[in-house]
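K.L.:
Could you put the whole structure together from the sequences, leaning on the hints where they help?
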Amino acid sequence: MSVANAAKQQFYKITQLRSTIGCHPIVRKNITALGLKRRHQIVYQRVSPSTAHRLRTVKELVKIELVDEPKTREEVNKERKFNPGFELLKKGAERTYQ
Numbered sequence: 001m002s003v004a005n006a007a008k009q010q011f012y013k014i015t016q017l018r019s020t021i022g023c024h025p026i027v028r029k030n031i032t033a034l035g036l037k038r039r040h041q042i043v044y045q046r047v048s049p050s051t052a053h054r055l056r057t058v059k060e061l062v063k064i065e066l067v068d069e070p071k072t073r074e075e076v077n078k079e080r081k082f083n084p085g086f087e088l089l090k091k092g093a094e095r096t097y098q
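Start counting the sequence shown at 1; every next residue gets the next number (my numbering).
None of these hints come from the bench; they were simulated from the model.
Backbone N, C-alpha and C fix where the C-beta goes; we use that ideal spot for every residue, glycine too.
Be a bit skeptical, because a hint or two may be false.
[Claimed, not checked] Cβ pair distances, simulated, as ranges:
(1) LEU89 to ILE21: 40 to 48 Å
(2) ILE26 to SER48: 31 to 39 Å
(3) GLU75 to ALA52: 32 to 40 Å
(4) ALA52 to LYS90: 48 to 56 Å
(5) HIS24 to PHE86: 45 to 53 Å
(6) ILE21 to LEU88: 22 to 30 Å
P.N.:
What follows is the structure in structure tokens.
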């Protein structure tokens, strides 16, 4: 694979939205084959015919987006981190009185 083709490679961003409880065993196997284990988990898969076929069988359970490059686990966690609206300052609250 050349560098030009690697730069053009696209990925599916797959987020599992619904549980597989009560689903057909084939659907469960496809969810597992995609690398999903629990709800709201995100995985990245290369765009390929085999991945597209798996996604076709589980389309009701997942959300699919096309992205140019996958994010690392740290980037995904940082994106999900809640902003509390304030910042804790260490030793910033210490005051000296005269």
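K.L.:
With reference to the structure, classify each hint as holding or not holding.
P.N.:
Checked hints:
1. A hinted range of 40 to 48 Å for the beta carbons of LEU89 and ILE21 is consistent with their spacing of about 46 Å.
2. Restraint check, ILE26 to SER48: a C-beta distance of roughly 19 Å breaks the suggested window 31 to 39 Å.
3. Range check, GLU75 to ALA52: Cβ separation about 25 Å, and the 32 to 40 Å hint is violated.
4. Checking the proposed 48 to 56 Å range against ALA52 and LYS90 shows it holds: the Cβ atoms sit about 51 Å from each other.
5. Restraint check, HIS24 to PHE86: a C-beta distance of roughly 48 Å satisfies the suggested window 45 to 53 Å.
6. Distance hint check: the CB atoms of ILE21 and LEU88 are about 41 Å apart, inconsistent with the given range 22 to 30 Å.
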